[in-house]
Amino acid sequence: MAPIENHRAGKTPRTTAASPVEDNTTKGAERELPVTGLGEETTPEPVAELDGLFVTFRRGGQAVPALRGVDLQIARREILGLVGESGSGKSVLGLALLGLLPVDPSPAVTGRALVCGLDMVRATADERRRLRAQHLGAVFQDPMTSLNPTMRVGRQVAEAAGTESEAIRLLDAVGVPDARRRVDAYPHELSGGLRQRVMIAMAVAGEPSLVVADEPTTALDVTVQAQILELLRHLCDTTSCSFLLITHDLGVAAQVADRVAVLYGGRLAEVGRATDVLESPAHPYSVGLLKSRLTLSARRVGPLPTLPGEPPDPRALPEGCPFGPRCDHHDDACDMALPPLIAAGRHPGVAACIHLGSVATTAELPESWAPAVKSGDAAPMAVRLLGIEKDFVIRHAWRTKDRLHALRGIDLTVAQGESLALVGESGCGKSTLLRVVAGLLEPTGGTVELGHGARPQMVFQDAGASLTPWLKVGELVGDRLRAEGLGRADRAAKVREALALVGLPAEVADAKAAQLSGGQRQRVALARATIVPPEVLLCDEPTSALDVSLAATVLNLLGRIRRQLGMAMIFVTHDLGAARVVADRIAVMYLGRIVEIGPAEQIVTSHTHPYTKALLGAVPAVGVARSPLRGEPASPLHPPSGCPFHPRCPIALESCSSVDVPLVPLGACSVACVRASASAPRPKEVTVASVT
Amino acid sequence: MAGLLLRRLGAMVLVLLFLVVVVFSLERISPTDPVHSFLGANASKAAIAAERHKLGYDRPIVVQYVSYVRDLLRGNLQMSLRTRRPVATDLVAYLPATAELALFSLVLAAVLGGILGVTTAARFKGAGLFRFLTLSGASAPQFLLAELGILLFYRRLHWLPATGRSSLANAPRGPTRFITVDTLLHGNIHGFTDAIGHLILPGLCIALIPAVSIGRVLRSSLVSTMRTDYVRTARSKGLREVVVLWRHAMRNSIGPALSMGGLQVGLMFAGVVVVEEIFGWPGIGLYTYQAIPRSDFPAIAGITLVLGAGYVLVNTAVDILQAVADPRIAL
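Protein chains in written order, with our numbering: chain A, 1 to 692; chain B, 693 to 1023.
A hint or two may mislead.
Under 8 angstroms between C-beta atoms, here's a sample of chain A residues computed to sit facing chain B [to be verified]:
| # | residue |
| --- | --- |
| 1 | 98 |
| 2 | 188 |
| 3 | 447 |
Hints were generated in silico from the structure; no laboratory data involved.
Think of the CB as a built atom: it goes at the ideal place given N, C-alpha and C, for glycine as much as any other residue.
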């Protein structure tokens, strides 16, 4: 990656650059709130400063507050991580700083949002536009929809950078390979990671003072996410930009941010140095968020610790502390008034809680699961896949067509009552495999054998979209009972039972999907799938669209129900943390093949395949330096010969590009890698390795 | 691109063959006897029979069809029963006037529709009034609109002529047979403005309804484009709103409006028949208007073929334009 020119204090490694920045920011917070009690006022002006910012939308004649009095500074050359769940107001805060709040209908805004000395609340549209042109940049979540599909990317970058040559230099600097040629590409011709790099090149064009990055990595694969985060850190260290990194994932913020601000119900819950907030959180919400995070070391013998309840409804926020209804430390005093930000005590930052002293950092652990179901050859099988191939034919104009090889020879057996996670980046074929098992797709080759019992049932990622909007929940859930020939009363009783099993009250049966929250909808989808308990439950990323605090609850629910009903489960996810928690075994997929499979704990702790290692290495975590895998998966249209992973593999041998590698047992796992281990007595691979 | 053109040419041939079948079937179903009207009311039975035989009307319809298509391939569209000239000759005489009017109306519809769509989407001042005028214009039947236009702009205000293509005594006849183009080629500016003046009223009558359809489609697609993430990105770069609209939103919104424009061409051809009759415009519409009551089937078949070919050509052009506007569409 070429360094960005014209930097003022570049070449300073992060570790040394970080400390003065952090000092500035705590002083910034202190100016507002003397309680934090830290030194003198020699710091430069903050790049951006929010001062009592209120933003209130009106929907259907009802006030919907998004931000309720936010005070926050962003110092020069820092990355401020703004963490919050959906509805917390984090994106509205970003748009307010950009002066891009919606205009029709426009929200009521009070307070100040100073950026480089201009108040974005009161400035005219033209003043805001000029400021954006000179001092601001923005990176949004989905790089496919955020780039103009009909304009060459070079021109889009040049619009912000001024000239074509500057655009090439920027694209080069953000790590777009062969930038001189890529300027002529349209966005759809680039991969997701490259598109996001183009967005970032656009955002940092002209060295803005502040770049607002709203969930810049949420739509990306975990290995690409790690690359993009590394790039943001690098840009912050080598240029004069500050970054506001908006994210729902504390882990992402932890990875690169200097400071972290936690937003809840439109109010700041806690602000402090990233290491402080993540290592010794003061606010009960931060504590709960951190505990329900799916890390690679989370306890997996019992249910995960969760935050009770759901994020607040912005139309009906409590008068006092917005977190009150979900808080263990809640008492009458909490409901009296909104808690102000006060010295956190545990760290030099601030937190908004009146019970800071008594907040426990570790809660007692919930009970353990019943002993896990034994997997293995002895148990009767629920699903057996043999040599599954699946090709998709892509037709182009004028009778040309391509074959997309989604699955290439998958052998897999899932025992009754066993839980298996399929893990891999987008395009690896994991969802296709799930649909083949469900019978939604006919495999091109190979056989699917199912055990006895009801056919597999699926739970999808977007629970909202998978529920028919005009049907009542009771009808949706009870649909599969019709085949059973039950009477109306029996059906209603069964529906109540199924809803109770997923923790929903019986009244939900009369509601429609739109009246439910995201977590409730996912529960309804689960009730529908389990009302007639299937032998196999298929889950396609059921938690990836949910907020962090709800994901753990749904995973717990899945764990409990599958044990209670004795179902086998195949769980597709890109999140190794979630896979480790829900699954007995994990299968890692790459370009239509299983490259490693084995007991969950072994895969996480003692894996052998370099791709598994790279995936695990890319999972964001607190206080761990990452060395992301380079590049992106090859297109399944033209999978590489030999080992599909060899073009990105750090330990590839010359022979890897030609020799097809089968899945070979190695200890408790099976691995498809020539270099898996010299200890395993596999003469053929060893000779290949030693020859080269 | 070449593939698309080849496929479209193939499709056009199929469409034209099918159109001929339809016209021939209509001729068979029709109760009026073309030979009867050709010879007049007083012709004797024997004369009619002789003429029938001479014109080939006594042969089976399939044979007539095959011989018609064979002649067609040689460029022979048969004799018109009314004008007693080859239909091909008539079409060459009448077509340029219609083509000029249709193209002018098409451009007018695109321009008016574009203005309507952009102004209402961007909420410019005066957009409401413009929208009111075009909408009310489009809700009136064409003949009423034409009569009102003539009454107001010709009789009362004397701004525009009411009939014909030109007021010139010796309008140029070539090389393109489009009076606007030919006058310009001859450097006759007065003749050019005069020809444009003649085009405005009939052009407006034809263009208003398509303009409103195009405008509404363009508006709704512009409005949804202005809410997209990439427009937000463009705004975040600090681009001026006009630039955002023109450079980022327009090209992404034009597709549905182009499709709508292409579909409206069929309606415009229908409108041409009425409007040419009212404004005495010496074009295909007038020719059709006179051919129908005389059951001049060779003429009707020729007109149908020409209009059908025009429709397919315009829609092929629309497809190409769409691919030019959106690089994701592969031709």
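Verification of the supplied hints:
no. : hint : result
1   : 98   : holds (6 angstroms)
2   : 188  : holds (5 angstroms)
3   : 447  : violated (37 angstroms)
The structure fails hint 3 only (numbered hints given earlier).
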